[in-house]
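Peer 1: Listed here are the chains, written in short residue letters.
Protein chains: 2
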Amino acid sequence: MREERIVSEASDRSVAWFDKARSAEIVNGRMGPETPARLREVVSVFVKHLHAAVVESRLTEAEWMEGIQFLTAVGHKCTDWRQEFILLSDVLGLSMLVDAVSHDRPEGATENTVLGPFYVPSAPAYPKGGDICLDGQGEPLLVTGQVRNEAGQPLAGVTVEVWQTNDEGFYDVQQPGVQPENNLRGVFVTDEEGQYAFVSVKPRHYPIPDDGPVGQLLSALGRHPNRPAHIHFIVRQDGYDPVTTHIFAPDCPYLESDPVFGVKPSLIAEFRDSRDQNLARTYGLESPFWHVEWDFVLVGKADR
Amino acid sequence: MREERIVSEASDRSVAWFDKARSAEIVNGRMGPETPARLREVVSVFVKHLHAAVVESRLTEAEWMEGIQFLTAVGHKCTDWRQEFILLSDVLGLSMLVDAVSHDRPEGATENTVLGPFYVPSAPAYPKGGDICLDGQGEPLLVTGQVRNEAGQPLAGVTVEVWQTNDEGFYDVQQPGVQPENNLRGVFVTDEEGQYAFVSVKPRHYPIPDDGPVGQLLSALGRHPNRPAHIHFIVRQDGYDPVTTHIFAPDCPYLESDPVFGVKPSLIAEFRDSRDQNLARTYGLESPFWHVEWDFVLVGKADR
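Protein chains in written order, with the UniProt record's numbering: chain E, 1 to 304; chain Z, 1 to 304.
Worth flagging that the hints you see were computed from the coordinates, not collected in a lab. Any given hint might turn out to be false.
No copy is singled out in the list; a pair is fine if it fits within one copy or between any two copies.
[What the hints assert, rightly or not] Calculated lysine-lysine pairs in the DSBU-like style (CA-CA distance at most 30 Å, straight line):
1. 20 <-> 301
2. 264 <-> 301
3. 264 <-> 20
4. 202 <-> 264
5. 264 <-> 128
Bound conformation, chain E alone (with noise of 0.2 Å):
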């Protein structure tokens, strides 16, 4: 009896120095009881993490200090217009896990993909149909289709939001005085049938912003900052998850080597050369011109 105890108060007051095999658990074990438990659970998960990838890695105190310096870098290049961490997470995939990790949809939903950040909350609204390239610069492109719940149902008054760069690979807020404000970005609610339509041009892929650590990161990876052509999406309605997405065109060479892992295979979309003279008047298309059909299908928020 009294040798275990012996044993115990040693192993009890040991907790309080720091030992490199059991790293995570001393540094965990000092939050106080007050901590949130949330909190308390996602750092205690980071520091098991991030303790063990240093010592799988064994980082040298030179590699440590590059580690901060890198870290300071991104944070420096942090602004009001620029999110450096964030592009950092995008580029490491992490964006798009923390993404999948809270949008589990059901099979034949739509899925989600990244924000990205040229995204503008103060889109003008367009009616149904409407032309959302300001310039007429561009190959004309339909995109129309339909939003529906699971069910199958046709969803009326749905927002539809949409933003995408022009042929040259820019949005508008990259190119203030270049191209018009609020090109190519437009709001859109769907009718009684669930259909939605606008007009723009087709996009074209573009680099993620590369001048900083993060773009110099992707360089010693031996990786490319080009994102493939794609049209952002978000899709809302009250009662239904909403769906931050994109579309992506299928021809564009680097949509299998997106730098922030943005594509799923059920986001890529047909763009078909059409010469439907129907289509064109409606829409006052001449021909030809790039056709997208491309429904959404919303998971309600009672269903999951």
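On the provided structure of chain E, position chain Z as indicated by the hints.
Peer 2: Below, chain Z without anything else, positioned relative to chain E:
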């Protein structure tokens, strides 16, 4: 045979698309053939563990955004004279772990601990027994000892660099105009018997810089910011592994809860309340004074 080939092709192609079940593998698989082997290894290990942490914690998008904002705030707090990422690494136990991974010293050799942010490379040189307390404030302390190699041989000409807080818990660089420049910093050299000695004052505990995001994190985790009272050393000699370390006062209330996990049992010194008249005379002290006897054992570079 036919079926096997189809399965294998589908699986090859699916490498391109993001997949929650093997997300880290997909991200790491993107590195190019020119990526240096060590960079590939370190990035792969950290990506693997960060992905595992996201999945295990089921990190939500809101929590991810809080993390992004926290890291951004840490980056913005970094300046030429404040390194908030090192502080973050310190309070998460990562700095001590990197040190432990790098310096697995043999039994009996003096152990390392963190460098800390208050080291100044230009401390003045003193002869053996010099008094580094320039303002006469605090309880007098005599530190004496020997530097030896692993075989127990005294090492002459070893540089023993020392720095510490005053008795109020502040370094000179934190109180310009209050403390004299280079107060409580000095560089000593061991004599032909490997002996060093200096006069100082008893150090006091002090808080790590806790007015930034790392301080907020510590507070949320229910942890205090107070480092237990200690004296810093860097001990170096050509041909030997330099030792960056502290000695700790045994009676400090924060000894077992150092926020940066720097305490090792082997680094806790005895601070004796001395009335030794010979020592008092030799070092120009009035009795009583604190006395620490502290030896260092260096490991030859060739021995590792």
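Peer 1: All the hints need checking, so say for each whether the structure fits it.
Peer 2: Structure-based check of all given hints:
In this assembly of identical chains, the alpha carbons of residue 20 and residue 301 lie at most 30 Å apart only when taken from different copies (22 Å versus 46 Å within one copy). Proximity of residue 264 and residue 301 under a CA criterion of 30 Å is satisfied intra-copy only: 23 Å inside one chain copy versus 53 Å between copies. Taking the closest pair of Cα atoms, residue 264 and residue 20 come within 30 Å of each other only across two copies (11 Å); inside a single copy the shortest separation is 41 Å, beyond that limit. Proximity of residue 202 to residue 264 under the C-alpha cut-off of 30 Å is restricted to the intra-copy arrangement: shortest distance 19 Å within a copy versus 63 Å between copies.
In this assembly of identical chains, residue 264 and residue 128 lie within 30 Å of each other by CA distance solely inside one copy; the values are 27 Å within and 70 Å between copies.
Violation of the numbered hints given earlier is absent; every hint is satisfied by the structure.
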